[in-house]
Structures are given as structure tokens and as C-alpha cells.
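Those sequence lines, one after another, are chains A and B.
Here my numbering is used: position 205 in the first sequence is 205, and no number is missing along the way.
Here my numbering is used: position 166 in the second sequence is 166, and no number is missing along the way.
Derived from the structure by calculation, the hints contain no laboratory data.
Think of the CB as a built atom: it goes at the ideal place given N, C-alpha and C, for glycine as much as any other residue.
Check before you lean on any hint, since a few could be wrong.
To be verified - Listing some non-contacts, in silico: residues in chain B with all C-beta distances to chain A over 12 Å: (1) N54; (2) N174; (3) A178; (4) Q182; (5) D226.
Claimed, not checked - Quick list of in silico lysine to aspartate or glutamate cross-link-like pairs, EDC-like style, CA-CA up to 20 Å: (6) A/K162 with B/D92; (7) A/K162 with B/E90; (8) B/K72 with B/E34; (9) A/K217 with B/E228; (10) A/K162 with B/E81; (11) A/K217 with B/D204; (12) A/K162 with B/E16; (13) A/K162 with B/E77; (14) A/K162 with B/E58; (15) B/K144 with A/D215; (16) B/K229 with B/E31; (17) B/K75 with B/E12; (18) A/K172 with B/E16; (19) A/K266 with B/D92; (20) B/K110 with B/D92; (21) A/K172 with B/E77; (22) A/K266 with B/E90; (23) B/K144 with B/E90; (24) B/K222 with B/D204; (25) A/K218 with B/E16; (26) B/K220 with B/E16; (27) A/K172 with B/E58; (28) B/K193 with B/E34.
Said to hold, decoys possible - Simulated DEER-style distance windows between Cβ atoms: (29) B/N27 with A/I144: 46 to 54 Å; (30) B/D123 with A/V88: 43 to 51 Å; (31) B/G112 with A/L8: 57 to 65 Å; (32) B/W126 with A/I13: 40 to 48 Å; (33) B/G147 with A/L8: 31 to 39 Å; (34) B/N42 with A/V88: 22 to 30 Å; (35) A/Y130 with B/F127: 50 to 58 Å.
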Amino acid sequence: MIELPSALVLTSILGSLLAGFTCSTMGVFVVRMNLASIGYCMSHAAFAGAAFGLMISIDPMIGALAFAFLTALILGPLSEKARLQSNVVIGFLFSLMIALAFIFLNFIPGQAASAKALRILWGSILSVSYNDLLLLAFLSFVLIVFVIVFYEELLSVMFHRKLAEASGVNTKLFYFLVLFFTGIAVSLSLRIVGGLLVFALIINPTSTTYQFFYDFKKIMIFSPVIGVISCLVGFYLSLFTDFPIGASIVIVSALFFAFAIAVSPKRRKTEKSL
Amino acid sequence: MNKKTIELQNIETIYEGEKIPAIHDINLTVEPREFISIIGPNGAGKTTLLETINGILEYTKGRGFVFGKEIKKNKLELRKEIGYVIQNFELDPLAPFLCKDIVMSGRTGKIGVFRFATKKDWDKVWFSMGLVGMIDFANRPVGKLSGGEFQKILLARALAQQPRLLLLDEPFSNLDYASRLQIETLLNRLHEKYNLTIVMVSHDLSFVPSRCNRIVVLDKGKIIMDDEKSRILKSDIINDIFKNNGGKK
Numbered sequence: 001m002i003e004l005p006s007a008l009v010l011t012s013i014l015g016s017l018l019a020g021f022t023c024s025t026m027g028v029f030v031v032r033m034n035l036a037s038i039g040y041c042m043s044h045a046a047f048a049g050a051a052f053g054l055m056i057s058i059d060p061m062i063g064a065l066a067f068a069f070l071t072a073l074i075l076g077p078l079s080e081k082a083r084l085q086s087n088v089v090i091g092f093l094f095s096l097m098i099a100l101a102f103i104f105l106n107f108i109p110g111q112a113a114s115a116k117a118l119r120i121l122w123g124s125i126l127s128v129s130y131n132d133l134l135l136l137a138f139l140s141f142v143l144i145v146f147v148i149v150f151y152e153e154l155l156s157v158m159f160h161r162k163l164a165e166a167s168g169v170n171t172k173l174f175y176f177l178v179l180f181f182t183g184i185a186v187s188l189s190l191r192i193v194g195g196l197l198v199f200a201l202i203i204n205p206t207s208t209t210y211q212f213f214y215d216f217k218k219i220m221i222f223s224p225v226i227g228v229i230s231c232l233v234g235f236y237l238s239l240f241t242d243f244p245i246g247a248s249i250v251i252v253s254a255l256f257f258a259f260a261i262a263v264s265p266k267r268r269k270t271e272k273s274l
Numbered sequence: 001m002n003k004k005t006i007e008l009q010n011i012e013t014i015y016e017g018e019k020i021p022a023i024h025d026i027n028l029t030v031e032p033r034e035f036i037s038i039i040g041p042n043g044a045g046k047t048t049l050l051e052t053i054n055g056i057l058e059y060t061k062g063r064g065f066v067f068g069k070e071i072k073k074n075k076l077e078l079r080k081e082i083g084y085v086i087q088n089f090e091l092d093p094l095a096p097f098l099c100k101d102i103v104m105s106g107r108t109g110k111i112g113v114f115r116f117a118t119k120k121d122w123d124k125v126w127f128s129m130g131l132v133g134m135i136d137f138a139n140r141p142v143g144k145l146s147g148g149e150f151q152k153i154l155l156a157r158a159l160a161q162q163p164r165l166l167l168l169d170e171p172f173s174n175l176d177y178a179s180r181l182q183i184e185t186l187l188n189r190l191h192e193k194y195n196l197t198i199v200m201v202s203h204d205l206s207f208v209p210s211r212c213n214r215i216v217v218l219d220k221g222k223i224i225m226d227d228e229k230s231r232i233l234k235s236d237i238i239n240d241i242f243k244n245n246g247g248k249k
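Next up, chain B with everything else stripped away, as it sits in the complex (with noise of 0.2 Å):
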């Protein structure tokens, strides 16, 4: 039987503390090796959907399925083969750490209490900083990079992971154009060699990689459309959700 990769049926997320869900009635399938893209305006819940998905924030009603396997009841194991990507965030310049150990880190979990790194854990770190072109950066310093390279570490420690299922929680902010184009390349070649299934969240219409074939427009907590990347770039709705933030452009 082909298990999809994910299945949410009337998903709800509400922070602790909060009352109002920041997503509701979420239905979302998404099969093996597909690449999607949410999209929406800030506030739209759209890092909170993603990580649901991973199981980080615990939903408040539905039932949700990762590789046929209940999130909730599973989430520990399930994280282990999804790799995520973290929204490029702010690093002191002067942070302990070596990029070899941070693509090392997204490890960790596969490798499993009371056990060490082998030289096998080693060759995929290697490989995939290779992967994504950073093979020379392993000893550098992780705060002194740029915000293009950085990101790249992060998705070397995603990938290092050797993850079935990736989420990227907007891969392309912070980015400048060369950046951007960089890390769109490197997510289309990914997607083609490896038969990842990929879940992007972008606020941002303009970049979409060529690989990805379907979007989920997401606003006030609320999937409003899901259809063919083409599609829904015509749509009039669109406009108006974007209209005060991000942009179609």
C-alpha cells in the first residue's frame, strides 16, 4: 500500500494560553516525492502548520499522520526521518560552534542516546555539506557566515539527517537575489536527485522552485486553496491576500 507522506484531517493548533486556534479545519495530503509550497501573509499560521507536522506543537483536534503514523503518538520517532529547516534566524557572531558539528548535530537524534558518531555518521555529514556546497566551510565558524551560507548549513543538517520528509520554513528570507537563486537550484536538484518529498513555506510569490507543482494558500489559520502551482499563481484571490503583505510579483 503507498502510505501517503502526510495526512491532517480537521487539523486544530491553539498555543498554550491562547483561545484562538492559529490553524483550523486543516485537510492536507501530501504523497511521496512531492514538492508543495504554503504560502500566506505573515500571521497566516503557516511555520505553525509545519510544525504540527513534525510534531513540536501538539494539535488540539483532528488527527493528524506522518508516513501512516500517528504524529502524537509517534513524535519522537517521526522527527528522526524528517529534516527541518528552521526560518534563517539571527546568530551571535561570535557562537561556539564549527559547521562541521552543527551538520553534525541534525544527527543527534538518529544516532541515539549512549551512542557516539561513528566515521559513518562523519561520511554523511561530509556528503551532504557536499551536497550543498560546503564542503569548505566545515571548520569555519558558524556565526562569521553569510545569511546565504548559513542557510545552506542549516539544510546540510537537515539533509544530513537523511530525512524522507524535509520542511523548510521560509528558505529564502533574509536572502539577496544571488542567495535566493542559490538555494532554489540546490532544492530543485535535491528534489530531482533524491526523491524527497518537499514542504516549503514561503510569504513570498516570487520564489517558487521550478520542481514545486503545487501550492496551499493558507490565511487566518485556514487552507483557502489547493491546487496546481499554475493555477493558483492566476488566481485573483491571490491579489488580495496579498495585498498588504509580501506580493505577487
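For reference, chain A alone in the conformation it holds in the complex (with noise of 0.2 Å):
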């Protein structure tokens, strides 16, 4: 096992709980939504953004952001007017987004950033600032404030959108919200879970949950729970075994997943109300 100083432990066990907190939060609409391939898009986005962050020699998290950001701006009209199929988006902007990542790569100046590039990709624990942990945190109350103050909306936006549009919500105003809000979710964990691999931490924890509640309500507060719960079980084996801390969040997640799966109540043909 790693022996870490203790701050620093308690640094990367509170980023990794407010990573998986926001994550999971923005995978229940993303999942519901079908915006996986959105999402998808723009965590590799993030990614390059981050690299092209410390080509120039500025914060990754300012690139990955700005990155997201400007995914968010251009797929999200695209969808919306569905003009693009979804594997034709993943397939183009996935693989623009990892060849900009990878020449942004080639160009960063310096061993040490390098290094720095790597976990980037990779996710680690030592990447985790408090600066990091203050603009989680704060992603972590908006989140919950969103969710609470617009419920009734998000709900309705989720069950059918031009049945919300046709009853009076600003369908189009809460889509953007959840595109805007994920990207800054993603770039926002991607020093903790890397650019490859946080992706999964917004579909596998609420994909888990789906397994066992058909109340939306119940999904909004286990999503994040399952989600806080890898994040620190994948936390605490990369520390046993010195895997990647993503990595190590992602098998956790996926075990859930698969166990979810194989004991979910709602695929049992005689089932009990939940």
C-alpha cells in the first residue's frame, strides 16, 4: 500500500467524493436523455482541452473547460435539430478530440508537464488541488440547489420533452443547462479520474441505480450515492494496489454495474413494488 501524508489523503478521498457526487448528479439526466454520446464527446474534449491547457502553459482545468464549453455550444444545436445520427457525432468529433489531444501532447514543453499530461489521461490522486476541491465543492451546492429549485421541471423534461414543451417549460433552457453542467462536471474530475475514463463515472453509477427504482426521486439521491461509494472503494484499491485512482473508480463501477444487472429486481419477471 501507498503511504500518503494525511492531508493529502483527505485532499484525494474529499475529491473523489465530490467528483463522483457531480458526476453521477449529471449522469441521471444524461442517461435519461440519451445524451451519452454527447457526453461521451465531451470528456475527450475536456481531455484535449486540458493539453492544450499545458501546451500553452496555462491551467489544464481552464482548457478542459473552455473545451467542453465550446463541444457543448456546437453539439448541442446539432442534436437538437437532429440533423446528426449519434455514432456519426462520436465517430467524427471522439476521434478529432484524441488527435487534438494527442498533438497538444506532443507539444507540451518539458519533462515535468509531460508527467502532468499523463495524469491528465490517466487520473491521479496527487493531481488534486484545493482549488480543485473548493470549485467541486461548489459545483457539488449548485447541483443541488438545481435539482431541488427545478425538479418538478427536470422531471418533466425527462419523462417526454415536447409533452414539458406543450405544458409551458423552457424545455430548451434546461437541455442546455444539463449539457453546460456536465461538461463542467467533467472537466472538473478530470485530474482525479482522467480524460479517458470519466465518462464512466456518469453513466455506470446511475445505470446502476436504474437497475433497482422506477421513482425518479429515488434515482436523483442512489445516483449520486453509488457514484460517491466507487469513487471512494476505487479510491482505497488504487491506494492497495497502485493502480490508476481511475482506473481503479471505473472497475468498481462497472463491478456494480454488473452485479446491479444481475440481481436488478426490474428485470425479474415477478417483481415486487419499489
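Join these two chains into a complex; the hints should help.
Right under this line is the structure:
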């Protein structure tokens, strides 16, 4: 097991906890609205942005946020008009972002910066700074307020967008808010989970929760709980095994999902009310 | 002054990126408390017409009014007064929604932003679920309902909104005979008891509710007939239109 100073352990635990919370909260909307392909592209755009940030010697988080926002701005209206199939979007943008990321990584000056770049790729507990924690904590607070205040609107949009629009909900606004919050959650969690794997933290905990409940409120509560548990268990797995933290978190969340599929009461023929 | 519920003047709606209008030269007036059926074959523009009335689709020509207010300028406000029952759609059986929450979601626009549902809102939900006979299904997952039950929940959702105008898109589609009869009885009862203005779209002439006394026939995006139900059903043109699509039974 890796020995770490207790302050660093605390920062890392808090970082994992907050990354798990924010990503899996947004996961509820991403999964339900079938935005997986868009979110997937956004996570890779954030990764390319972080590499770009390192290349021009600014905070990679700024680059990640800028690229994630840009992707949301391009992909949001594109998918709105349904002119592009989701697999076309993935094929085009995913490869473009990875290509850009590799080009940017190639031009990062200095050895130390290259190590930083690798941490963004795989995720690292050593990368979590006090500022990251503050930003993640602030985002968590904003998301809690967002979900509580707009719960009725969100539920309505999640059920059926056109019906929500027909009853007077500004569905476009909520659609774009979901995209932007997803972009921010991905960008802020990038250093912990890593650019290649952060999206799993959005999809896996929510997909796990979906196997157990029919009540949207329960999904909204338990998805972040599973996300937080996945991150904490993944964090300790990483400490004990020396695996990269991102990979550990994803393995744990994937195991939770596999277990949920196996025991899901929703998939049994004779079910009890949930 | 008795305002018309719907007044459409030379309306044309073109989908974004398209050149040919989905509906054109639409002139339609609906009086308060009328129950009308808009019929036509698939692709005639029926759903487009409904969604132009509630402002989901923006008309490209002409002028449209609902309750005397121009649709384009007041669509968000108007939608709160218009109940819309969308064509029965396939829902994931594992979808995480309970029936009571879906019915409550009909009131979202009316409740408004930065406000929470109150006991009064929930009373409206229970009342409308009671009206459609689905009160016992309140805590059931919506994905587990049969086609007819789901249609009733969608109807309860629209009614929970306490609309002045009810737009129904193919309310009998994908339903078995018994469910169709139930929905038909329900619509007649709602119209009789609550004086709602109802505009219903259908491609099937075999289910026109008895309280519906006016039929508008739409073909290729244009209104070709607008008359009393009895006269329309006797018309030969109907046979020609429905020859390859639906059919008079």
C-alpha cells in the first residue's frame, strides 16, 4: 500500500467524493436524455482542452472547461435539430478530440509537463489541489440547488421533452443547462478520474441505480450515493494496488453495474413494488 | 365579446430545412366548447396542425389566435391553458417514473419556476386521476401500463393542467377495441361534464366520439372539407381519401 501524508489523503478522499457526486448526479440526466454520445465527446474534448492548456502553459482546467463548453455549444444545437446520428457524432468528434489531444500532448514543453499530461490521461490522486476541491464543492452545491428548485421541470423534461414543452416548460433552457453542467462536472473531475475514463463515472452509477428503482426521486438520490461509493472504494483500491485511480474507480463502478444487472428486481419477471 | 377558442387565418407551417409546407392555406375557427375531429390519412399534416395550434411548431405564414391571443407572441402563456395528449408512444418498460409524477408533470408549466407543488396541485392530480379511473395506479411505474392505461395517464396529465382547450393526437391509436371504447366514453363524459373545447386528430373514421359533431378533413396539408359529422361521413370524397389508408368502417 502506498503511504501518503494524511492531508493529501484527506484532499484525495474529498476530491473523489465530490467528483463521484457531481458526475453521477449529471449522469441521471445524461442517461435518461440519451445524451451519452454527447457526454462522451465532451469528456474527450475536456481532455483535449486540458492538453491544450498544458501546451500553452495555462491551468489545464481552464483549457478543459473551454473545450467542453465549446463542444456543448456545437453539439447541443446540432443534436437538437437531429441532423446527425449519434454514432456519426461519436465517430467524428471523438476521433477529432483524441487526435487534437495527442497533437497538443506532443508539443507540451518539458518533462514535468509531460508527467502532468499523463496524469490527465489516467487520473491521479496527487493532482487534486485545494482549488479543485473548492470548485467541485461549489459545483456540488449548485447542482443540489438546481435539482431541488427545478425538480418538477427536470422530471417533466426527462419523461418526454415535447410534452414538457407543450405544458409550458422552457425545455431548451434545461437541455442546455444539463449539457453545460455535464461539461463542468467532466472538466473538474478530469484530474482525478482521467480524461479517458471520466465518462464512465457519469454513466455507470446511474445505470446501476436504474436497475433498482422506478421512482425518479430515488434515482436522483441513489445515483450520487453509488457514484460516491464507487469513487471511495476505487480510491482505496488504487492505494492498495497502485492502480491508476481513474481505472480503479471505473472498475469498481463497472462491477457495481454488473452486480446490479444480475440482481436487478426490475429485470425479474415477478417483481415486487419498488 | 365571445372570443373564438381557435382562429387560424391562412396558416402555413414549414419544417426547418424543408421547402414544401406540411400544412398550408389553413383557415379554421373553433368556438368555445366545441368538440371537433380532424381526420385525414397518414402524412396529411394533422399532428403539424395540432402542434401549430399550441405553438410547438411556428407557422411561417398567416396569423393564428388561441383564446384571442396571437400564438407566436404568447405561446408559453397559452400552452399553460392547452392540454396536449401526444400520440401513444413506446415507453421503456424500465422507465423510472411513477404515474402520479407523470400526471403532476402536466402542472409544471402552471406551477411556474421557483415554485414547488403544493397540496392544491396534488389535489388536482388526484382529481384528474380519479376522472380517468386511474387513482389506484398512482404509485405504479408508468412503463408497466398497458396501451389503454398509459393513454388514460396521458389524458389525466393533460387534465391536471386544468386546460380550457384539449388537443388529442390519435387518442385511439395502438389500442385494442375495449380500450378504445373506454377512451371514447371518457372523452364524451369530459366534454359533457366540464365543457372543454376538444380538438381531436385521427386517421381512423371508425372511432369518432358521439359528442363530436364537426369533422374537418385534412389531405396533403390542406383542409378539404369542414362540416357536420353526419354529412362528412356520407361523403364520397372520404372513400377516395381513405382508399389506401385507414378506411371508413
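Going through the hints against the structure:
1. N54: 6 Å, violated
2. N174: 16 Å, holds
3. A178: Non-interface label on B/A178 holds, nearest chain A Cβ at 25 Å vs cutoff 12 Å.
4. Q182: 21 Å, holds
5. D226: Non-interface label on B/D226 holds, nearest chain A Cβ at 25 Å vs cutoff 12 Å.
6. A/K162 with B/D92: 17 Å, holds
7. A/K162 with B/E90: 14 Å, holds
8. B/K72 with B/E34: Violated, because 23 Å separates the two Cα atoms, which is more than 20 Å.
9. A/K217 with B/E228: 48 Å, violated
10. A/K162 with B/E81: 16 Å, holds
11. A/K217 with B/D204: Status violated; Cα separation ~39 Å.
12. A/K162 with B/E16: 17 Å, holds
13. A/K162 with B/E77: With a Cα-Cα distance of about 16 Å, the restraint between A/K162 and B/E77 holds, given a limit of 20 Å.
14. A/K162 with B/E58: At roughly 14 Å apart (the allowed maximum being 20 Å), B/E58 and A/K162 satisfy the hint.
15. B/K144 with A/D215: 13 Å, holds
16. B/K229 with B/E31: 16 Å, holds
17. B/K75 with B/E12: With Cα atoms ~17 Å apart, B/K75 and B/E12 stay inside 20 Å; holds.
18. A/K172 with B/E16: 16 Å, holds
19. A/K266 with B/D92: Satisfied, since the Cα-Cα distance of roughly 12 Å is no more than 20 Å.
20. B/K110 with B/D92: 27 Å, violated
21. A/K172 with B/E77: Distance of about 16 Å is within 20 Å: holds.
22. A/K266 with B/E90: It holds: about 18 Å lies between the C-alpha atoms, which stays within 20 Å.
23. B/K144 with B/E90: Status holds; Cα separation ~11 Å.
24. B/K222 with B/D204: Between B/K222 and B/D204 the Cα gap is close to 18 Å, so the pair holds against 20 Å.
25. A/K218 with B/E16: 39 Å, violated
26. B/K220 with B/E16: Within the cut-off at roughly 18 Å; holds.
27. A/K172 with B/E58: 15 Å, holds
28. B/K193 with B/E34: Distance of about 13 Å is within 20 Å: holds.
29. B/N27 with A/I144: 46 to 54 Å: 51 Å, holds
30. B/D123 with A/V88: 43 to 51 Å: For A/V88 against B/D123, whose Cβ atoms are near 48 Å apart, the range 43 to 51 Å holds.
31. B/G112 with A/L8: 57 to 65 Å: Once the Cβ atoms are compared, 47 Å apart, the range 57 to 65 Å for A/L8 and B/G112 is violated.
32. B/W126 with A/I13: 40 to 48 Å: Given a distance of about 46 Å, which is inside 40 to 48 Å, the answer is holds.
33. B/G147 with A/L8: 31 to 39 Å: Since B/G147 and A/L8 have Cβ atoms about 58 Å apart, the given range 31 to 39 Å is violated.
34. B/N42 with A/V88: 22 to 30 Å: This hint holds: roughly 28 Å between Cβ atoms.
35. A/Y130 with B/F127: 50 to 58 Å: 54 Å, holds
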